[in-house]
Amino acid sequence: DQQVKQNSPSLSVQEGRISILNCDYTNSMFDYFLWYKKYPAEGPTFLISISSIKDKNEDGRFTVFLNKSAKHLSLHIVPSQPGDSAVYFCAATMTTDSWGKLQFGAGTQVVVTP
Amino acid sequence: DAGVIQSPRHEVTEMGQEVTLRCKPISGHDYLFWYRQTMMRGLELLIYFNNNVPIDDSGMPEDRFSAKMPNASFSTLKIQPSEPRDSAVYFCASSSASGRVIVYNEQFFGPGTRLTVL
Numbered sequence: 001d002q003q004v005k006q007n008s009p010s011l012s013v014q015e016g017r018i019s020i021l022n023c024d025y026t027n028s029m030f031d032y033f034l035w036y037k038k039y040p041a042e043g044p045t046f047l048i049s050i051s052s053i054k055d056k057n058e059d060g061r062f063t064v065f066l067n068k069s070a071k072h073l074s075l076h077i078v079p080s081q082p083g084d085s086a087v088y089f090c091a092a093t094m095t096t097d098s099w100g101k102l103q104f105g106a107g108t109q110v111v112v113t114p
Numbered sequence: 001d002a003g004v005i006q007s008p009r010h011e012v013t014e015m016g017q018e019v020t021l022r023c024k025p026i027s028g029h030d031y032l033f034w035y036r037q038t039m040m041r042g043l044e045l046l047i048y049f050n051n052n053v054p055i056d057d058s059g060m061p062e063d064r065f066s067a068k069m070p071n072a073s074f075s076t077l078k079i080q081p082s083e084p085r086d087s088a089v090y091f092c093a094s095s096s097a098s099g100r101v102i103v104y105n106e107q108f109f110g111p112g113t114r115l116t117v118l
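From first to last, the protein sequence lines are chains A and B. Sequential numbering of the first sequence, starting at 1, is according to my numbering. Sequential numbering of the second sequence, starting at 1, is according to my numbering.
Keep in mind that the hints are not guaranteed to be accurate.
To be verified - Here are the simulated DSSO-like cross-link-like pairs (lysine-lysine), alpha carbons at most 30 angstroms apart as the crow flies:
| id | chain 1 | residue 1 | chain 2 | residue 2 |
| --- | --- | --- | --- | --- |
| 1 | B | Lys78 | A | Lys101 |
| 2 | A | Lys37 | B | Lys68 |
| 3 | B | Lys24 | A | Lys68 |
| 4 | B | Lys24 | A | Lys37 |
| 5 | B | Lys78 | B | Lys68 |
| 6 | A | Lys56 | B | Lys68 |
Keep in mind the hints are simulated off the structure, nothing from the lab.
Take these sequences, add in the hints, and give me the full structure.
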């Protein structure tokens, strides 16, 4: 069963506009969340993370928002740039569990058009 | 640091053949993970090791899959016999739970092996 869901397989956005990627989870024990970015023919690379004690974390053009009551998080990219075109994976883990297990979503393909 | 190294990058084989995928984790990392990426299921964790010992193999789909980590710098994922439904991209990742951890459970991925079983 998919405990982390990214229901939008793809997203197209114009350069300079905001990209909003959504992620839902079902396991209330998850308390730490990560976003990974993946380019073709490369492995995923870490982008940004958030702990459940926060509701927002910002790093440059990337901001992640966490709504624990809704079991929902989102990644905002502002402004979007052509280099942001990639697949974005949402991942979740339990810091109370043994180190190691990340549950990933299926990914969202972002295409930024000029 | 060279990062996580995987070989081969591409593998094409026929159904029934044995396939071996290889991984060299980042030096000093004590955790190693094997993932499979498919369109339908995204990134699935197959198995992971801590200090060369398998910790959780509940994601390994069938007995046809096996993984070993004979030492801290090398791991293999073997499929025998391979089937067309095994076609996917297989990623190896490593992480460290000791030392200066900035991001909890940040895992570093290799470039993947694209497996095609005909």
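Quick rundown of the hints versus the structure:
no. : hint                 : verdict
1   : Lys78(B) / Lys101(A) : holds, 21 angstroms
2   : Lys37(A) / Lys68(B)  : holds, 28 angstroms
3   : Lys24(B) / Lys68(A)  : violated, 37 angstroms
4   : Lys24(B) / Lys37(A)  : holds, 22 angstroms
5   : Lys78(B) / Lys68(B)  : holds, 8 angstroms
6   : Lys56(A) / Lys68(B)  : violated, 40 angstroms
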